[in-house]
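Asks: Modelling step: build the complete structure from the supplied sequences, incorporating the hints.
If you read the protein sequences in the order shown, they are chains H and F. Anchor point for the first sequence: position 147 equals 140 in the working numbering, and the numbering is continuous, going up by one each time. Anchor point for the second sequence: position 166 equals 299 in the working numbering, and the numbering is continuous, going up by one each time.
Honestly, the hints are just simulated from the structure, not real lab data. Yeah, the Cβ is synthetic: ideal placement off N, Cα and C, and Gly gets one too. There could be a bad hint or two in this list.
To be verified - The calculated label-pair distances, taken between Cβ atoms and stated as ranges, are: (1) F:R260 to H:A224: 53 to 59 Å; (2) F:E505 to H:A224: 29 to 35 Å; (3) F:G414 to H:G219: 25 to 31 Å.
Unchecked claim - Each computed DSSO-like pair below joins lysine-lysine, with the alpha-carbon atoms no more than 30 Å apart: (4) H:K267 to F:K584; (5) H:K309 to H:K348; (6) H:K263 to F:K246; (7) H:K320 to H:K263; (8) F:K349 to H:K256; (9) F:K584 to H:K222; (10) F:K367 to H:K263; (11) H:K267 to F:K323; (12) F:K511 to F:K246; (13) H:K117 to F:K404; (14) F:K323 to H:K409; (15) H:K409 to F:K349; (16) H:K272 to H:K361.
To be verified - Some residues of chain F that are not near chain H, with every Cβ distance over 10 Å (derived): (17) K187; (18) G233; (19) V245; (20) K246; (21) R295; (22) T350; (23) T429; (24) V450.
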Amino acid sequence: MSNHPYEELAARVVRLALERGATDAECTVVEGDEFSVNIRMQDVESLKEAGSRGVGLRVLQGKRTGSAYTSDLSDDGIDRMIRSAMDLVAVTTEDPYAGLPDPSELGSLSADLGLFSDDIPQLKTEFKIEQARRAEEAALAFDPRIANSEGASFDSYTGIRAFANSRGFSGSYRSSSCSISAVPVARQGESMERDYWYSVARGYAGLEDAAEIGRKAAQRAIRRLGARKVATQKAPVVFDPRVARSLLDNIFEAVNGDAVYRKASFLAGKLGEKIASEKVTVIDDATIPFLFGSSPFDDEGVPSRRTVVIEKGVLKSYLMNTYTARKLGMKTTGNASRGITGSAGIGHGNFYLEKGDISPEKLIASVKNGFYVTELMGFGVNTVTGDYSRGAAGLWIEDGELAYPVSEVTIAGNLKQMLCDVEAVADDLEFRGSVAAPTLLIGEMTISGH
Amino acid sequence: MGLNESFFGQKFGITERDLENYLSEALSAGGDYADLYFEYLATSSISLDESIVKSATQGVSLGVGVRVISGERTGYAYSDDLSPDKIRKAARTAALIASGPSKTIKTGLETVKTKDLYPVLVPPIERSLEERVALVRRADVAAREYDPRVFQVQVSYGDSLRHVLIASSDGRLAYDRQPMARLNVTVLAKEEHGTPHRGYAGGGGRVSLDLFLTEKTPEYFAREAARQAIIQLKAAETPAGETTVVLGPGWPGILLHEAVGHGLEADFNRKGVSAFSNRIGQQVASPLCTVVDDGTIPGRRGSLNTDDEGVPTQRNVLIENGILRGYLTDKLSGRIMGRASTGSGRRESYQHIPMPRMTNTFMLAGESDPEEIIRSVKKGIYCATFGGGQVDITSGNFVFSASESYLIEDGKLTRPLRDATLIGNGPEAMRHISMVGNDLRLDEGIGICGKEGQSVPVGVGIPTVRIDRMTVGGTA
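Replies: Here's what the structure looks like:
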């Protein structure tokens, strides 16, 4: 089987860069085709369909680096891009840690990860429009209090990514995705609330039924009506899976090698220490078929793998690329990530909290008086200090039951303490994207209201 | 300037005939309106970390977006290739939204007269690399010199130049050349055996590089970032619950962006999903508040000569003495609501559909002396600056996160406090504003606004204000 033309293009760009004086080079080529339809009040609101391509280059001359990109894949465009990258090398400083991975570290997973589903390019526009319409229709029909909608949408995407470097690596992979979402608006008296639900998968067969998505979205919106503010207090907080995911995002930021070597993380210098409760096991795994965090190799050409980040509360590993691994005196974990150009940063594969063995219903039932959070707002997380303060909405738990909706409050604490206070993790782990977490309970946080 | 002298005319030989052809193709299946958005974007960035210039990137992207509106429906496609057959293909794809006989377009495109808000002769991206690298180096030195407890400094400088050409089937043609530059400094500081704390500062605008050599030097931003980090070393836990809040001038204007700005975007209001829907003429803020969105301020990050639909920007009074006066409207919302566009149609790039967005959003200065405002508070907090914010426009609840704040005790600033998020409800929070200072300031030029997956640069501003009651997400 011959290589995709983009792989050959990437390899050619690398060769040209070396001819122009680079001592090492990395080239990424991407192409993507997107489709999206938004339905509102059962009529098409917008329909978008198009594709684009881009190529990016990073060159090194010794220990200095320069990067460039272009959307012009012609010989002339490539030529100008190489020249731009080489011009920049002159102004950067020598960095002893800069450099590509060792050839022995390069490689790709051989198994097909099922990232591309060939039903996606076959889906007819009318069919996609119909799915979005069905989702909204089900939401509108769910309850008379749903009389309005921000809409429902169906999105699909196919793309290809190719990468080559000057140490003998070249590879490419295709991927696809499709999703349905619904955002109904509920109204009762003065109270107006919206919520959303969605499903995303590599191929159409993996999606939840459109009508079911609409119903779940409507149910969530209704549940928020008549929300009240509660008194300021310290209380247990249960995170539903959608918001528990955001805690995983915060953990990712804290184990991100780039933050760690700069000591800009509250988890810096804590490898091997117990930094969370025993209920907390966090895995990063880019090898799971079909999931959105999977890929055969990372953005430096290092094979993907499974890394145990936190095991029963003990910090086992940071997530690193070649550069940060060198800074920390460790080995890359295959987490290099970049758009199409620049030095690689760090990303995650499928990053998740391992499920526990209690049902979410039993977990909620175990809380006498606490806050079940279903939405978080704002950027108030400082991963340098661990300080955590975010806007929240959800339901109050009284004697183990979801009693009434709450909003316009905040939850606050410090991640260092919050991780240690994870008292229970439920068994409802589901992937709706590359980050996932089950329902979880944190023993105590400060809720600010009245 | 005619099409021939424009960037796209010169560099790509695009003629008026071409534009009319593409627009006709777009309306070949019916539709009420079509437009073309040509965009050329050159960007560069330089970053410094651990006192070395670790990376530098530059590049170019180019494309055209074609939009067709039929009734209330929008069809959209784009091409990153400006060859005629590719553009026509995109036009035909966008045209699929309509279904009817083809429409004839208005021949003869008239150039829209726009302001000249950023007459920068040599945009920063065309200045020498050495000059721009010097800025990040200077910031690094200054931050480290500020205090021996500073141990990490990251500086990033970014600039861009965007050329746009917008042609619409209502016979209009608009061009713009949009420079932008920005310098950011992030500092970490710690006591000898303490935990690190972070400070951040940055700024820029649609300006010449000279701004950074004169008024807003690298040292200015570096010292501000370092100062913030050092202050955090002594910060105490922030009280939790409802209290009186005083906002300092400038970036705290993010309050307006979140509390009312998004809620006043016309698309949410014509759909009836905003907390401000159907409230024109009603009291939505204290009578001391007049809130304006103005895209015509020279050189600001949030300013534009023309919006991304080819409509000149303007000064829009959103709230006047507390009364809601209008919404930020683009062409589509305008058409549906029977109102004129307020020049608020913006898009992130040629790959995106325009929608109502803010430009520079601020509150007009009032009469009070800022010192007097602080003195008037027996117990509360003073927030000098913030990180980011977010809003749920349906419930009206919004948040913004304080990154430098102090306890106010008996009218005086006492202890610095750790980061905390403030939460409020748009129409209510604005009604609790009881004092407005005479010290209106706009932010330094760092705002990025996100909406439905599209980011655009914006500005905010506010004088010192007193909000009688707001919930503070502290821990104490």
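Asks: Does T350 (chain F) really sit off the interface, with its C-beta more than 10 Å from all C-beta atoms of chain H?
Replies: holds (20 Å)
Asks: Hey, does V450 (chain F) actually stay past 10 Å from chain H on C-beta?
Replies: Nearest chain H Cβ is 26 Å from V450 (chain F), so the label holds.
Asks: Are the Cα positions of K409 (chain H) and K349 (chain F) separated by 30 Å at most?
Replies: violated (37 Å)
Asks: Holds or violated: K309 (chain H) and K348 (chain H), Cα atoms, limit 30 Å.
Replies: holds (18 Å)
Asks: Does the alpha-carbon distance linking K323 (chain F) and K409 (chain H) stay inside the 30 Å limit?
Replies: holds (18 Å)
Asks: Quick one, are K349 (chain F) and K256 (chain H) close enough, alpha carbons at most 30 Å?
Replies: Holds, at roughly 29 Å.
Asks: At 10 Å, judged by beta carbons, does G233 (chain F) keep clear of chain H as stated?
Replies: holds (15 Å)
Asks: Given the hinted pair K117 (chain H) and K404 (chain F), is their alpha-carbon gap at most 30 Å?
Replies: holds (29 Å)
Asks: Does the alpha-carbon distance linking K267 (chain H) and K584 (chain F) stay inside the 30 Å limit?
Replies: violated (39 Å)
Asks: Does the Cβ-Cβ separation between E505 (chain F) and A224 (chain H) fall within 29 to 35 Å?
Replies: holds (32 Å)
Asks: Evaluate the condition: distance from the CB of T429 (chain F) to the nearest CB of chain H exceeds 10 Å.
Replies: holds (29 Å)
Asks: Could you let me know if the closest chain H CB is still more than 10 Å away from the CB of R295 (chain F)?
Replies: The claim holds: R295 (chain F) sits with its nearest Cβ about 14 Å from chain H, beyond 10 Å.
Of the numbered hints listed earlier, those contradicted by the structure are 4, 6, 12, 15, 17.
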